[in-house]
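Peer 1: Required output: the full structure, derived from the provided sequences and hints.
Protein sequence lines, in the order shown, are assigned to chains H and B.
Counting from 511, one number per residue, gives the positions in the first sequence under this note's numbering.
Counting from 427, one number per residue, gives the positions in the second sequence under this note's numbering.
FYI, nobody ran anything at the bench for these hints, they're computed from the structure.
Errors might be hidden in some of the hints.
Said to hold, decoys possible - With a cut-off of at most 30 Å between alpha-carbon atoms, the simulated DSBU-like pairs for lysine-lysine come out as follows: (1) K440(B) / K624(B); (2) K663(B) / K614(H); (3) K561(H) / K571(H); (4) K589(B) / K806(H); (5) K614(H) / K589(B); (6) K460(B) / K806(H); (7) K724(H) / K874(H); (8) K561(H) / K806(H).
Note that the structure is a prediction, hence the values are computed from the model and not measured.
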Amino acid sequence: MQPDEWGRFGPFGGKFVPETLMEALAELDRVYQECRQDMKFQRELEYYLQKYSGRPTPLYKAARLSAELGGPQIYLKREDLNHTGAHKINNALGQILLARRMGKRRIVAETGAGQHGVASATVAALFGLKCVVYMGEEDIRRQSLNVFRMKLLGAEVRAVTSGSRTLKDATNEAIRDWVTNVDDTYYLLGSATGPHPYPSLVRDFQTVIGREAKEEIVAETGRLPDAIYACVGGGSNAIGIFYPFLDDRQVELVGVEAAGEGLETGRHAATLNRGRPGVLHGAFSYLLMDEDGQVKPTHSISAGLDYPGVGPEHSYLKESGRVRYETATDQEAVQALTLLSQCEGVIPALESAHALAAVIREAKTYQPQQMVIVNISGRGDKDLNTVAAYLGVEL
Amino acid sequence: MNRVREKLAELSAKGRKVLIPFLMAGAPSFAYTKGLIPLLEEKGADLIEIGVPFSDPLADGPVIQTAAQQALEGGFRLAHLFQLVEEVRAGVSVPLVVLIYYNLLFQYGVERFISEAAGVGVDGLVIPDLPPEAAGELLGAASAHALAVNFLIAPTSSSRRIKMIAEHNTGFIYLVSVRGVTGERTAFTSELPGLIEKVQAQVGQPVVVGFGVSGPEQAREVTKSAAGVIIGSAVVKRITREPFPVVAARVGDFITEVRQAIDQS
Numbered sequence: 511m512q513p514d515e516w517g518r519f520g521p522f523g524g525k526f527v528p529e530t531l532m533e534a535l536a537e538l539d540r541v542y543q544e545c546r547q548d549m550k551f552q553r554e555l556e557y558y559l560q561k562y563s564g565r566p567t568p569l570y571k572a573a574r575l576s577a578e579l580g581g582p583q584i585y586l587k588r589e590d591l592n593h594t595g596a597h598k599i600n601n602a603l604g605q606i607l608l609a610r611r612m613g614k615r616r617i618v619a620e621t622g623a624g625q626h627g628v629a630s631a632t633v634a635a636l637f638g639l640k641c642v643v644y645m646g647e648e649d650i651r652r653q654s655l656n657v658f659r660m661k662l663l664g665a666e667v668r669a670v671t672s673g674s675r676t677l678k679d680a681t682n683e684a685i686r687d688w689v690t691n692v693d694d695t696y697y698l699l700g701s702a703t704g705p706h707p708y709p710s711l712v713r714d715f716q717t718v719i720g721r722e723a724k725e726e727i728v729a730e731t732g733r734l735p736d737a738i739y740a741c742v743g744g745g746s747n748a749i750g751i752f753y754p755f756l757d758d759r760q761v762e763l764v765g766v767e768a769a770g771e772g773l774e775t776g777r778h779a780a781t782l783n784r785g786r787p788g789v790l791h792g793a794f795s796y797l798l799m800d801e802d803g804q805v806k807p808t809h810s811i812s813a814g815l816d817y818p819g820v821g822p823e824h825s826y827l828k829e830s831g832r833v834r835y836e837t838a839t840d841q842e843a844v845q846a847l848t849l850l851s852q853c854e855g856v857i858p859a860l861e862s863a864h865a866l867a868a869v870i871r872e873a874k875t876y877q878p879q880q881m882v883i884v885n886i887s888g889r890g891d892k893d894l895n896t897v898a899a900y901l902g903v904e905l
Numbered sequence: 427m428n429r430v431r432e433k434l435a436e437l438s439a440k441g442r443k444v445l446i447p448f449l450m451a452g453a454p455s456f457a458y459t460k461g462l463i464p465l466l467e468e469k470g471a472d473l474i475e476i477g478v479p480f481s482d483p484l485a486d487g488p489v490i491q492t493a494a495q496q497a498l499e500g501g502f503r504l505a506h507l508f509q510l511v512e513e514v515r516a517g518v519s520v521p522l523v524v525l526i527y528y529n530l531l532f533q534y535g536v537e538r539f540i541s542e543a544a545g546v547g548v549d550g551l552v553i554p555d556l557p558p559e560a561a562g563e564l565l566g567a568a569s570a571h572a573l574a575v576n577f578l579i580a581p582t583s584s585s586r587r588i589k590m591i592a593e594h595n596t597g598f599i600y601l602v603s604v605r606g607v608t609g610e611r612t613a614f615t616s617e618l619p620g621l622i623e624k625v626q627a628q629v630g631q632p633v634v635v636g637f638g639v640s641g642p643e644q645a646r647e648v649t650k651s652a653a654g655v656i657i658g659s660a661v662v663k664r665i666t667r668e669p670f671p672v673v674a675a676r677v678g679d680f681i682t683e684v685r686q687a688i689d690q691s
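Peer 2: So this is what it looks like as structure tokens:
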């Protein structure tokens with residue numbers, strides 16, 4: 511659905527930002543609406559998605575995994591095969607073209623796992639724009655390889671030491687930078703979160719995942735899948751694959767949040783499962799917070815899911831019942847990562863392993879002729895240190 | 427009419443410029459905040475802005491962020507705000523304006539927050555992340571309880587927005603002096619005097635300037651044209667964990683200096 515003029519999906523979304531940004535958001539919305547209709551813009555984006563990022567990404571039938579689980583036929587949407595190793599590049603390419611069209615010379619971005627930071631640094635290098643990436647100190651420690659990648663690509667990585675020192679705080683700092691440098695700076699937001707028009711703009715750039723998956727599954731099997739699973743932090747890969755299937759009511763859509771050490775421990779990032787509606791980073795959406803409304807620290811083994819908020823359209827899809835939101839723990843995610851690595855030779859990102867973990871748990875509820883698609887939103891190379899540490903292996 | 431507007435009209439009639447210091451509730455402790463509020467009035471504050479600590483203060487720079495974090499680590503709860511205002515209210519006559527991020531207010535319940543705030547003697551609100559377009563319910567409740575809602579205008583606000591904001595505003599116009607977050611600046615941009623003139627001409631309401639005002643010199647410069655000035659980070663950074671008399675003397679001297687400077691402008 512398209513949000514209303516105030517950027518709301520039902521009650522969720524909106525523009526809860528300092529006044530300094532209100533005109534910038536309006537301008538972004540205006541330019542973006544122009545670009546949606548502009549064939550030249552769309553062709554250029556298509557060109558970079560194909561020739562630069564390597565799209566379309568394959569839909570791969572995971573035969574050994576399917577046999578191992580004894581449930582449905584499992585198909586992997588291989589977003590991990592994108593240039594830079596994750597779906598984040600789809601959005602980064604779209605937004606860098608917007609930034610260029612708006613005449614901006616500098617981009618700022620926030621990053622959690624570092625995948626969006628790498629994608630931003632990559633497209634900034636591609637188009638010759640200056641790039642500053644904000645990253646929580648805790649995430650810098652967890653994702654040192656991605657930090658080096660960003661620097662190698664010419665970006666400046668600024669460590670964020672406020673609050674919980676993760677994605678939430680990096681987002682605060684990126685927004686503060688944007689408020690300060692709004693005249694020449696473009697904020698390249700990495701998820702389907704934030705103030706309007708970002709949630710619908712990021713979603714639109716990510717729907718290429720779902721459009722391709724639909725064509726691919728129909729071409730191969732002649733019908734739609736029975737279910738689609740995707741992990742949800744901010745929710746951009748999930749909304750990207752779900753969106754083209756929203757009207758296909760027979761396709762069950764399952765978003766999987768991070769249960770961290772377990773929902774009962776309080777150390778998790780299961781916003782839609784355990785939060786309630788509130789305002790963070792410019793949008794009204796589900797949020798993990800204390801009784802007063804102070805935003806809570808979250809935990810997930812996966813830096814990309816370690817976020818107390820979620821995109822407003824997911825809040826809407828939860829309340830409408832169209833999408834079912836489940837969770838997977840750190841342990842289940844690591845087990846899923848290991849299983850996929852050993853059954854198929856594909857090491858998924860820890861984020862994507864959460865989606866797979868839910869499929870593993872629910873496999874027995876499917877018949878063998880049924881089909882499910884799992885969005886492998888990124889590859890796991892960046893997580894090897896984390897996984898080794900979790901398994902007690904010294905590298 | 428609410429007490430904020432009454433006070434502004436009274437000051438304007440006297441030809442006195444408006445001085446609004448800001449402090450963070452509970453930083454470094456509840457007792458300090460309670461002790462400093464009457465002192466601010468005694469040293470020349472015309473209104474006092476009390477910040478509510480929030481975990482994610484998007485519009486704030488490092489000084490106010492740190493104070494908020496300090497207050498939260500000290501155990502600040504929203505209930506303490508009401509307690510604080512209730513306890514200081516009898517001892518001060520100036521209007522008290524509360525700065526609160528929208529999520530805290532929304533979680534408490536808009537109507538409930540406003541009626542309880544008004545009940546303990548809060549006179550106005552500043553909500554830095556709530557634009558007028560989303561403030562319908564809040565404005566209705568605030569008006570019923572004679573609470574002033576003070577909106578922000580930024581250097582980037584278009585004429586159309588300035589007009590729309592002025593139409594909804596029921597207190598002072600909080601003019602943000604710079605593109606950026608709160609915090610001291612060494613100098614204002616050359617566009618500021620022109621911006622103040624432009625906004626005053628358009629809104630026909632008292633305009634007070636905040637963000638980046640670091641001391642007496644800048645306060646004097648700003649109040650040459652603006653109705654008044656808000657000083658936040660420069661006050662907050664003087665409120666340390668040193669013994670209360672030391673802090674009180676430092677803050678008191680600072681407010682006295684700023685008062686003298688703007689009285690000469």
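Peer 1: Against which earlier hints does the structure fall short, listed by number upward?
Peer 2: 2, 4, 8
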